[in-house]
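Protein chains in written order, with the numbering used here: chain D, 1028 to 1298; chain G, 266 to 835.
Quick caveat, the hints were computed from the structure, so don't treat them as lab data.
Predicted model, so just to flag it, every value in this text is computed and none were measured.
Worth double-checking, as some hints may not be accurate.
Chain D regions said to be covered by chain G (calculated; three or more residues, Cβ under 8 Å) [unchecked claim]:
#1 1083-1091
#2 1260-1274
Each computed BS3-like pair below joins lysine-lysine, with the alpha-carbon atoms no more than 27 Å apart [as the list claims (entries may be wrong)]:
#3 G:Lys608 x D:Lys1274
#4 D:Lys1274 x G:Lys692
#5 D:Lys1274 x G:Lys786
We put the beta carbon where it would ideally sit given N, CA and C, even for glycine.
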Amino acid sequence: MKCAALSALLVFGCTLYGAEKQERDTENAMLAAYSNLQYSEARRLAAKSDRPEFKLISALCDVFDRRTQNLKRGMPELERLSKSQELPERYRSMAKLAYARANHTLALRERVYKDAGKVNPVPIYEEIIKTYPESLESISAVVYRAQYFMEERNFQEAIQFTENFINSYKGKNRRLLCPLHLMLKDFYILCFRDYKNAMRHAKIARELRPANPRMAQRLDFQIARIYDVYLKDDVNAEKEYLSFIEKHPDTSEATPAKRYLKELRERKAKK
Amino acid sequence: MKEKNTDNNRRKKIISALGGILALTFYIISCFVVAHNNSVAGSKNKKSPESAAKTITIAHWQLEDGFREGIDYAIKEFEKLKAEQGERVKVIQNAIPSRGYSQWYITQLISGNPADVIELTPSPEIQSRYFMPLSEHIVKPNPFNKGTPCEKIAWKDTFTDGMDGALNPIFAEYFGAGIFRHCQRVYVNLDLLKAATGSEKTPETLEEWIECCKKIEEYGQKINKPLIPIGVRGIGKTTVGMFFSRYFAQTNNHYNDTLSLFGDARIPNLEMFSAFGEGKLDIDRMLAPVEMMHEIGKYFSEGFTTTDSQQTKFLFFTGNVCFFPEGTWDAWSMVNNTPFKVKIIPMPSISPTGKYKNIYSGRIYENAFGVSGKFGITKASRHPELALEFLQFLTSWKINQKTMMEFCKWPAVVINTEYTGFLEAMKPEIGDSKSSLQCPFFFNEKSRMKALESIERIITEQPENAKVTFAKDVVKNVPILKDEFENVSSDYERQLFDMEGNRTTIACNILRSDLSDAARKNQNIRALIAIENTIARELERRRTIAAYNSMDKIKEQLEDYISNNEESVE
């Protein structure tokens, strides 16, 4: 009796495990197809289950697959899923952000989707920042929220909001903050020609290392030039030019960097 | 009672035995299924003699002399190297005529059976859909650079442009690597130059060039032969555009040093428009290159506006043209297929002591020019690792120099190369280490064509006041410029939406439970690159709006200039 019950349990367990594994495999395949822009395949796999995360992928295909875009269907579904408690936790921040940002960017192009302007993305951005403060989604949400301030010409608020987030950030991975420092550098220059504060953020961004190697190289050059041209700090400018030439000797920017260094030294010699 | 107990015991034994048999049965079935699956997989992997060699294909549209031969050489070396490593490999080269290439390319990709390594066309969406991302590979050294000066350098930094031109900003990814680069030079018929001027000394400055051209014309009249001092490829306005850009940069590149808001090496084009609107640019100085075109253009062939490259080459080969400005892609045939001596020289620059000395800013450096001929690996490739190895091999320090410099006689894309003999003339110039910059009289293709048409008319009609004539045409083009800014701004708005789509693809990848740690780390980096790109794209959008808003002020300034400088204009 015990043996039979054990066997039946074993069989049931194996079946369950097999079914779960299959669904997990399908989920992974669906996510892989979507991330490779294989929308048809992603849709086909998403149709295999009624689970909310499968429906989410289907909705994302409707919104972002430009070849067969269906915003009338995709956007309301994305909205529903982003508010659904049935959606697994790990999908929620992505769904909310996608919905908010899609509305935000579609509002710039009303002829494409006229309902976009009716949704205010700001509360959703702020909810993501509050609920998932150490996630990649919150970093994106901060960027989008700050850009929303900029669109309203609230330049000081854009800067303050971003700096507040950075100051209150408790996550271990501080590298996630690098894009925010890059953005603040740009804001200070663009809105206030405040090169002192721009430099502060440029140097932090450099320490944290931009993910795009081209951006990292460009930042090194910008730091040298800002010291030279805008902060009139010859000592640091010289140091930065030398460092740039040493770190990036074969790049196209090394040529003007050498010239600027030479000119700076000639100016110093004349003083 | 006793009987009942015996029956119960018997029943229990039967059920136990049944349970045991069931469990055993399932075990045997599982073993069978696993064994069967393994044998199917095994038979798929089993190499038959015919399919022992892994085969990949490389496809491109470069039919120029030496290119296919260079690739053939690289293929032989690669196959040999792999054989030494115990791997049988075959690489097939497919060269497709450029006219049909775009259609062939799309069809191949959609069919799902494309070549493994393909020369890319510019569309970012097609690249991201069909080509393998390379970012995790380009930050590591190219394994085929062992024992060379590039051994420890990241693959991307072994390119002369650091792979700048290869980053797809919308998808935050690299999809291709370039294998050649080109620059502009002037081909000189030395025999004709000597006959006309008494010397083989080639001009170094614009002023000297104009003097040479005068003498060539006079010589032509003397021998009663219609000689053309400068042969120009008129169709597409390529040569006129090249001349104008060069002289504009040489008279205005100081703005890079003083006006770049963010401290970049080159002031972005859109910032030039904003600076123009703020009254920070000297209009008269910016128009000086128009005057130079007015002068040098007198020595272009009659009817040059409708002459194509083949016609001009023919005129050059038959000894009727003395100077032929053109890219380095045809250098070898230009030098070797002519019955006279040909020298390749850099385009003569403005003299720092001549007529334009007060507005001369310096010569630009050329090693900033981007790399072309980008090749990517298709996602549908059956041997993506092998295809990647081949692409790395093609762009390795030794092989790239061999294939490009020795076979094609083209500049290589890799750093630390030596330009000797014939190739010395193609060595990137350092000049006065000045960065080039774009002129704020045009922006995209339509306004650029209109501006160059105006310059062509100035050359052919020779009005008295070339600067005012051009300024009037720029004023007429302001609505076109505004349209272009609006279109680009709309493009950026669409791209910001697409970038959100891209962010969701990266996020979905990260959500996969079957992702390795290394792959997850790579996706996190891609996510950060995507955020950085979004910030950069938004900045470009703002710059475009600012440039659009500057146009009315630009128009006012040009109108003031015209009314202050107008004399008699035809």
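Original post:
Holds or violated: are the alpha carbons of G:Lys608 and D:Lys1274 at most 27 Å from each other?
Top reply: 38 Å, violated
Original post:
Are there three or more residues in the stretch 1260-1274 of chain D whose C-beta lies within less than 8 Å of some C-beta in chain G?
Top reply: Result for this restraint: violated, n = 0.
**OP:** Could you grab the alpha-carbon distance between D:Lys1274 and G:Lys692 and see if it respects the 27 Å cut-off?
**Re:** 23 Å, holds
Original post:
Under a C-beta cut-off of less than 8 Å, do 3 or more residues of the stretch 1083-1091 of chain D approach chain G closely enough to confirm the stated coverage?
Top reply: holds (count 4)
Subject >> Agreement of D:Lys1274 and G:Lys786 with the hint, judged by alpha carbon distance not exceeding 27 Å >> reply: With Cα atoms ~25 Å apart, D:Lys1274 and G:Lys786 stay inside 27 Å; holds.
Checked against the numbered hints listed earlier, the structure breaks hints 2 and 3; every other hint is satisfied.
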